[in-house]
Amino acid sequence: MEAKKIGCYICTGCGIGEALNVAALEKVASKEQKIPVTKSHPFLCGTEGIALIRQDMANEGVNALLIAACSHRNKTDEFEFNIPLLDRVDLRDKVLWVLEDGSKDSTAKEDLQMMAADYLRMGSVKLKKMNAPDPFLESGFSKDVLVVGGGVAGLTAAKEVADTGYRAILVEKSDQLGGMVARMHKTTPTLPPYRTLEDNPVQGLIAAVEGHSRIKIYKGAAIHKTQGAPGLFDVTIHAGGTETTERVGSIVLTTGYNLYDPAKLDKKLGYGSSPDVVTSLEFEEMAKAGKIVRKSDGKPAKRVAFSLCAGQRDSNHLEYCSAACCSYSLKHALYLMEQYADASAYILFQELRTPGQMEEFYRRVQEEGGVIIKGDVEKVEKAAAGGLTVQIHDKLVRGKEQLEVDLLVLATGMVSSVDTTDPNNPSPVGQVAEDAARYVLNLQYRQGRSMPELKWGFPDSHFICFPYETRRTGIYAAGPARRPMGIAETITDATGAALKAIQVVESVARGAAVHPRSGDLSYPSFRAEGCTQCKRCTEECPFGAINEDEKGNPLFNPTRCRRCGTCMGACPQKIISFANYSVDMIGSMLKEVEVPAEDEEKPRILLFACVNDAIPALDMVGQNRSKLSPYIRIIPLRCMGSMNLVWVADAMSSGFDGVLLMGCRHGDDYQCHNVRGSSLAETRLSKVSETLDRLQLESDRVKMVEVNIMDADTLPQLINDFAAQIASLAPNPYKEF
Amino acid sequence: MAYDLSFARDVYKNSEMGHWIKMCKQCGVCAGSCPLGPHWEFSPRQLFQMVRAGKKEEVLKSHSMWMCTSCYNCIVRCPRGLPITHIVHGLARYASVKGYADPDQVTNRFATRIFWTNIVSTGRVGEAMLTMRLYFVDGIAAGIKQGLEMKDSALGMLKAKRLNPIPLRGKIKGYAGFQAMLTKAQELEEKRESGV
Numbered sequence: 001m002e003a004k005k006i007g008c009y010i011c012t013g014c015g016i017g018e019a020l021n022v023a024a025l026e027k028v029a030s031k032e033q034k035i036p037v038t039k040s041h042p043f044l045c046g047t048e049g050i051a052l053i054r055q056d057m058a059n060e061g062v063n064a065l066l067i068a069a070c071s072h073r074n075k076t077d078e079f080e081f082n083i084p085l086l087d088r089v090d091l092r093d094k095v096l097w098v099l100e101d102g103s104k105d106s107t108a109k110e111d112l113q114m115m116a117a118d119y120l121r122m123g124s125v126k127l128k129k130m131n132a133p134d135p136f137l138e139s140g141f142s143k144d145v146l147v148v149g150g151g152v153a154g155l156t157a158a159k160e161v162a163d164t165g166y167r168a169i170l171v172e173k174s175d176q177l178g179g180m181v182a183r184m185h186k187t188t189p190t191l192p193p194y195r196t197l198e199d200n201p202v203q204g205l206i207a208a209v210e211g212h213s214r215i216k217i218y219k220g221a222a223i224h225k226t227q228g229a230p231g232l233f234d235v236t237i238h239a240g241g242t243e244t245t246e247r248v249g250s251i252v253l254t255t256g257y258n259l260y261d262p263a264k265l266d267k268k269l270g271y272g273s274s275p276d277v278v279t280s281l282e283f284e285e286m287a288k289a290g291k292i293v294r295k296s297d298g299k300p301a302k303r304v305a306f307s308l309c310a311g312q313r314d315s316n317h318l319e320y321c322s323a324a325c326c327s328y329s330l331k332h333a334l335y336l337m338e339q340y341a342d343a344s345a346y347i348l349f350q351e352l353r354t355p356g357q358m359e360e361f362y363r364r365v366q367e368e369g370g371v372i373i374k375g376d377v378e379k380v381e382k383a384a385a386g387g388l389t390v391q392i393h394d395k396l397v398r399g400k401e402q403l404e405v406d407l408l409v410l411a412t413g414m415v416s417s418v419d420t421t422d423p424n425n426p427s428p429v430g431q432v433a434e435d436a437a438r439y440v441l442n443l444q445y446r447q448g449r450s451m452p453e454l455k456w457g458f459p460d461s462h463f464i465c466f467p468y469e470t471r472r473t474g475i476y477a478a479g480p481a482r483r484p485m486g487i488a489e490t491i492t493d494a495t496g497a498a499l500k501a502i503q504v505v506e507s508v509a510r511g512a513a514v515h516p517r518s519g520d521l522s523y524p525s526f527r528a529e530g531c532t533q534c535k536r537c538t539e540e541c542p543f544g545a546i547n548e549d550e551k552g553n554p555l556f557n558p559t560r561c562r563r564c565g566t567c568m569g570a571c572p573q574k575i576i577s578f579a580n581y582s583v584d585m586i587g588s589m590l591k592e593v594e595v596p597a598e599d600e601e602k603p604r605i606l607l608f609a610c611v612n613d614a615i616p617a618l619d620m621v622g623q624n625r626s627k628l629s630p631y632i633r634i635i636p637l638r639c640m641g642s643m644n645l646v647w648v649a650d651a652m653s654s655g656f657d658g659v660l661l662m663g664c665r666h667g668d669d670y671q672c673h674n675v676r677g678s679s680l681a682e683t684r685l686s687k688v689s690e691t692l693d694r695l696q697l698e699s700d701r702v703k704m705v706e707v708n709i710m711d712a713d714t715l716p717q718l719i720n721d722f723a724a725q726i727a728s729l730a731p732n733p734y735k736e737f
Numbered sequence: 738m739a740y741d742l743s744f745a746r747d748v749y750k751n752s753e754m755g756h757w758i759k760m761c762k763q764c765g766v767c768a769g770s771c772p773l774g775p776h777w778e779f780s781p782r783q784l785f786q787m788v789r790a791g792k793k794e795e796v797l798k799s800h801s802m803w804m805c806t807s808c809y810n811c812i813v814r815c816p817r818g819l820p821i822t823h824i825v826h827g828l829a830r831y832a833s834v835k836g837y838a839d840p841d842q843v844t845n846r847f848a849t850r851i852f853w854t855n856i857v858s859t860g861r862v863g864e865a866m867l868t869m870r871l872y873f874v875d876g877i878a879a880g881i882k883q884g885l886e887m888k889d890s891a892l893g894m895l896k897a898k899r900l901n902p903i904p905l906r907g908k909i910k911g912y913a914g915f916q917a918m919l920t921k922a923q924e925l926e927e928k929r930e931s932g933v
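For the protein sequence lines, the chains are A and B, in the order given. Heads up, the final residue of the first sequence is numbered 737 in the working numbering, and it's a clean run with no missing numbers. Heads up, the final residue of the second sequence is numbered 933 in the working numbering, and it's a clean run with no missing numbers.
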């Protein structure tokens, strides 16, 4: 590989040239950091500026770029040179805009210049320590997609995968495709104007899938084992007495849902006390068979009560809303009213929730005469004339009422079908409920054989930002396997997951990461001889990317890796690194900051900020021209999970007076892009007081805060308060050592 | 029997705008929007659910639908687009027709005994006579007391030419036509209410 030749380009536009002594900065780069090519330009992102850089790349052999201008989140298209070695130093958003206030005060000007020079130093060192990543490429990558579960979600996913030109392998445990929806009479509307029942889509979907040349189907099948990683999954399938191993690139998990067991419901709902108390599925099957009748005597059932939330949103049963039951109960009411002109349909609800476009359908059912009642069933008794007497607590007319009905239909909720037994007692965020699981995929991962769950047993990942993602790279959950949802949403969901499954096989083929560091070609490597087999990296990886080899050393699966660097942060031996990101790189950067002598009374505070949320928030602080302490120095991290404690010790021994870590929110409503990064950083930090004690320093010099991308308004105060608190302590005695 | 729908179905059919009642989704925005809300026994939301629950006696004997001042706040805000003001007036009319309305309920009394006779006699509203009849409806002493209480307002309105002091100005032009219109309207209304 040719030698690295760095070019440093300082933009003097946007007021940088007026506020800073650019000649001095150039000197920092060329003399102090010995960067061979250093230039400045008044409009670097303009045509001329870009041409200047390109010329040097062509004529001077510059192959690594240090661009000192605005935030790396600006002008990304302009500063795209298709080279792996490029770093941006932010002189504008995080220096000029947070310090410059037009004063002629010489101390302020000096502080501004010092901050800019420090960032330039850090950028130079970072680029010097950075190597071009060598992507992980192997022969044997498969681009086929395995779809597990042959219901509406699975059929849709397989069809979408195949229609896009990829091969799909569909595995269904029963002998027939179609899943739960196959048992239904009609479906709630999926198309405008969202007012009419639609014919069951399952038969059409099955025909399309069975006739597709790019879809291979296993029926009556079970997955015995899934080993490997994206691009290299080897899945052992048992079907019809034979065992087959399929190599696939990615997996879409569409195992659907189970219905909550009605026998477990409260006695007051009356299930089992009379044949006229039925579940929604029983009502559905009755409608499909043609006639809605009292089960007890076969007489027409014209007065029917539908009890929504039969166990849902009840801490004794299912704590969560099952999302689809309100809509399907409205559908059942319509079945009834379409069958009998003089029917009475009573819909007993807690809150009628009609996600998607179902409000239109709700309107339709009311137009037809469906009566909604907000209330609970308190008692169910057999009526003398047949049918039931249902005592309700009617919250709308504020009293107890007796309903005479022919049938009471209980809308039971959806329970996860993926590796769970007790939906109300999920394992903590990011961990695997190993003992209770039934292993849909039986993953051969060191972290466990089941899919990690988010909440209530569902293997969902982040609740808003990353639909379909699970904590197992290359495995995407869709439909009610992911979280409770109705048919329209399931179809959209399965289509989305199919696209994610294709995206991952294509990324793997290029050696690139998927979300959130899409396109990143680096991956972790480790120096085996330094490993003490402490297993922290294998335990802490949020995606279970690391297995163990037979000697007990970590065995990286690069295609499972999301490049967050959590392993690097976890390693006490500091032997895990990426070509372009390492413990040494960040450590060297912070050591490059010039710390003023104790008597100058200029403290230095190091900010480690997550690039996903804290850095954009800091950019916005600059855009708002909010003022920050001139004593802070910011180092962006891929994820707080990559924060290695040695940096805190390094910062203290380099004379920094305080360290502030800014990670994403963690816990149940986490916002960390890598699930557990910020929470792991906090756990590690709880041990930092030992280090500080050893150095005989106050433990409140180091603090971690949760920062949201929307926090630009509160961030300045948070940072400045911390700076003031640090200033109130005596200076770090390790300065000048 | 609770939620027997025969009363509700009759209201849907025979009360003006009554068919809208089945569309109420019980959000309560009308109750929260009504400036007289705290003074109603039942809010529109409750009235509508009571209709659906088959509580005929309670609904029709209630004074609630007579409390509406037609400010239209509820209509503007109803997320389902129910013409609530009109539905409520319809229910008041329905209660009258069915013989449930209390003749001494103040709004009913004003509307049927004072306002109606006033406008029908001449074809226009005579403000002075209307006000007098309203004030003296509970007897002479009460009338004088209320008149004195309101005298400043009355003088102010006189000055601003918002009150015509001449009690009787005779009938409007084309009074016969006006009467014919009323007769026809009543005829149509009776026809509708008899369900023909």
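One should not assume that every hint holds.
[Stated by the list, open to error] Straight-line Cα separation of at most 25 Å, SDA-like style, residue types lysine to any residue; simulated pairs: (1) Lys374(A) with Arg817(B); (2) Lys762(B) with Val397(A); (3) Lys216(A) with Ile237(A); (4) Lys382(A) with Cys764(B); (5) Lys374(A) with Pro820(B); (6) Lys762(B) with Arg363(A); (7) Lys395(A) with His800(B); (8) Lys267(A) with Gly356(A); (9) Lys835(B) with Val397(A); (10) Lys928(B) with Arg817(B); (11) Lys374(A) with Arg363(A); (12) Lys793(B) with Asp394(A); (13) Lys400(A) with Thr849(B); (14) Lys379(A) with Pro262(A); (15) Lys374(A) with Lys793(B); (16) Lys798(B) with Val397(A); (17) Lys173(A) with Lys216(A); (18) Lys591(A) with Thr495(A); (19) Lys374(A) with Phe779(B); (20) Lys129(A) with Phe81(A); (21) Lys762(B) with Gly356(A); (22) Lys762(B) with Gly369(A); (23) Lys400(A) with Ala385(A); (24) Lys762(B) with Leu191(A); (25) Lys225(A) with Pro201(A); (26) Lys798(B) with His393(A); (27) Lys225(A) with Glu506(A); (28) Lys882(B) with Gly907(B); (29) Lys395(A) with Asp889(B); (30) Lys5(A) with Glu506(A); (31) Lys400(A) with Val862(B); (32) Lys143(A) with Glu698(A); (33) Lys400(A) with Cys764(B); (34) Lys627(A) with Asp721(A); (35) Lys219(A) with Leu191(A).
Treat the hints as calculated values from the structure; they're not laboratory data.
Hint by hint, here is what the structure shows:
1. Lys374(A) with Arg817(B): At roughly 18 Å apart (the allowed maximum being 25 Å), Arg817(B) and Lys374(A) satisfy the hint.
2. Lys762(B) with Val397(A): Holds: Lys762(B) and Val397(A) sit about 14 Å apart, inside 25 Å.
3. Lys216(A) with Ile237(A): holds (13 Å)
4. Lys382(A) with Cys764(B): The given pair, whose Cα atoms are some 33 Å apart, is violated under the 25 Å limit.
5. Lys374(A) with Pro820(B): Holds - the C-alpha atoms of Pro820(B) and Lys374(A) are around 23 Å apart, at most 25 Å.
6. Lys762(B) with Arg363(A): holds (9 Å)
7. Lys395(A) with His800(B): Holds: Lys395(A) and His800(B) sit about 22 Å apart, inside 25 Å.
8. Lys267(A) with Gly356(A): The hint is violated at about 33 Å.
9. Lys835(B) with Val397(A): Holds - the C-alpha atoms of Val397(A) and Lys835(B) are around 23 Å apart, at most 25 Å.
10. Lys928(B) with Arg817(B): Violated, at about 30 Å.
11. Lys374(A) with Arg363(A): holds (16 Å)
12. Lys793(B) with Asp394(A): holds (17 Å)
13. Lys400(A) with Thr849(B): Not satisfied, since the Cα-Cα distance of roughly 37 Å exceeds 25 Å.
14. Lys379(A) with Pro262(A): Roughly 16 Å between the alpha carbons, so the hint for Lys379(A) and Pro262(A) holds.
15. Lys374(A) with Lys793(B): OK: Lys374(A) and Lys793(B) at ~20 Å, within 25 Å.
16. Lys798(B) with Val397(A): With a Cα-Cα distance of about 16 Å, the restraint between Lys798(B) and Val397(A) holds, given a limit of 25 Å.
17. Lys173(A) with Lys216(A): Status holds; Cα separation ~14 Å.
18. Lys591(A) with Thr495(A): violated (49 Å)
19. Lys374(A) with Phe779(B): Since the Cα atoms of Lys374(A) and Phe779(B) sit roughly 17 Å apart, the hinted pair holds (cutoff 25 Å).
20. Lys129(A) with Phe81(A): Cα-Cα ~20 Å, so holds.
21. Lys762(B) with Gly356(A): holds (17 Å)
22. Lys762(B) with Gly369(A): holds (12 Å)
23. Lys400(A) with Ala385(A): holds (21 Å)
24. Lys762(B) with Leu191(A): Satisfied, since the Cα-Cα distance of roughly 23 Å is no more than 25 Å.
25. Lys225(A) with Pro201(A): violated (32 Å)
26. Lys798(B) with His393(A): holds (24 Å)
27. Lys225(A) with Glu506(A): Holds, because 24 Å separates the two Cα atoms, which is no more than 25 Å.
28. Lys882(B) with Gly907(B): Roughly 29 Å separates the two Cα atoms, so the pair is violated.
29. Lys395(A) with Asp889(B): violated (48 Å)
30. Lys5(A) with Glu506(A): violated (32 Å)
31. Lys400(A) with Val862(B): Distance ~48 Å between Lys400(A) and Val862(B) Cα, so the pair is violated.
32. Lys143(A) with Glu698(A): violated (55 Å)
33. Lys400(A) with Cys764(B): Answer holds: Lys400(A) to Cys764(B) is near 20 Å, not above 25 Å.
34. Lys627(A) with Asp721(A): holds (12 Å)
35. Lys219(A) with Leu191(A): This hinted pair is violated, its Cα atoms lying about 31 Å apart.
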